[in-house]
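J.: The primary structure of each chain is shown beneath.
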Amino acid sequence: GAVVSQHPSRVICKSGTSVKIECRSLDFQATTMFWYRQFPKQSLMLMATSNEGSKATYEQGVEKDKFLINHASLTLSTLTVTSAHPEDSSFYICSAEAGGVVGTDTQYFGPGTRLTVL
Amino acid sequence: GENVEQHPSTLSVQEGDSAVIKCTYSDSASNYFPWYKQELGKRPQLIIDIRSNVGEKKDQRIAVTLNKTAKHFSLHITETQPEDSAVYFCAATGTNAGKSTFGDGTTLTVKP
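The listed protein sequences derive, respectively, from chains X and U. Here my numbering is used: the first residue of the first sequence is 1, the next is one more, and so on. Here my numbering is used: the first residue of the second sequence is 1001, the next is one more, and so on.
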């Protein structure tokens, strides 16, 4: 099946620093990737849709200048949390859609990145 | 936008019993409905999905039903086992850039 990796799996950083999280589709090409945030015992909250070669589409309430997304290739999307603060601490999960037609295919999730901001 | 409601939020069953989780959605344009299982600290894993042109789909002990008119779909797990214990999420996906809206999740506990 389709495999999605995420790196790092866990990161602890000081307040004010920036953190980059990578999401890779290992055995398929993904024109669309999604970034989610998940708080303990809560659902997946979509942050943004990442499209290869174009600007990401952010959900309402998500600061695009704080959560920078780059989708430079068909297998890699990155999320950079800039000037991180303790309230940004969360579980960040990416997913990639395998298939040519957006909205008709399964999303495969990465293993997630646990971000802790001190 | 799409709104997905999932019930119940917690479900406890005895091993061997059946479990049913229900979701309703609001956007009639949604056409793809996956179900994910997430174990603690791990990624959501697709367990079954259904598209809007099908009313029911079954895979061994797991089945999903879809009622487009009423805009609801359900997950059925039969002969539950302790390893079925996890959080289950439903989702509705439409043609709006392929975005999925997730339900709030159901924590299923199967008691041995």
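Everything labelled a hint here was simulated from the structure, so no lab data went into it. Here the structure is a predicted model, which means the values were calculated and not measured. Watch out, some of these pointers could steer you wrong.
Below 20 Å or equal to it, Euclidean Cα-Cα: the simulated SDA-like pairs (lysine to any residue) are [unchecked claim]: (1) K1037(U) x T106(X); (2) K1042(U) x T116(X); (3) K1042(U) x H7(X); (4) K1037(U) x T116(X); (5) K1111(U) x A1019(U); (6) K1042(U) x P111(X); (7) K1037(U) x S5(X); (8) K41(X) x K1022(U); (9) K1022(U) x P111(X); (10) K1022(U) x S43(X); (11) K41(X) x S1085(U).
J.: With reference to the structure, classify each hint as holding or not holding.
T.: Taking the hints in turn, this is what the structure says about them:
1. K1037(U) x T106(X): Satisfied, since the Cα-Cα distance of roughly 14 Å is no more than 20 Å.
2. K1042(U) x T116(X): holds (17 Å)
3. K1042(U) x H7(X): holds (14 Å)
4. K1037(U) x T116(X): Roughly 25 Å between the alpha carbons, so the hint for K1037(U) and T116(X) is violated.
5. K1111(U) x A1019(U): holds (12 Å)
6. K1042(U) x P111(X): The given pair, whose Cα atoms are some 6 Å apart, holds under the 20 Å limit.
7. K1037(U) x S5(X): Satisfied, since the Cα-Cα distance of roughly 18 Å is no more than 20 Å.
8. K41(X) x K1022(U): holds (19 Å)
9. K1022(U) x P111(X): Distance of about 26 Å is beyond 20 Å: violated.
10. K1022(U) x S43(X): holds (15 Å)
11. K41(X) x S1085(U): Between K41(X) and S1085(U) the Cα gap is close to 14 Å, so the pair holds against 20 Å.
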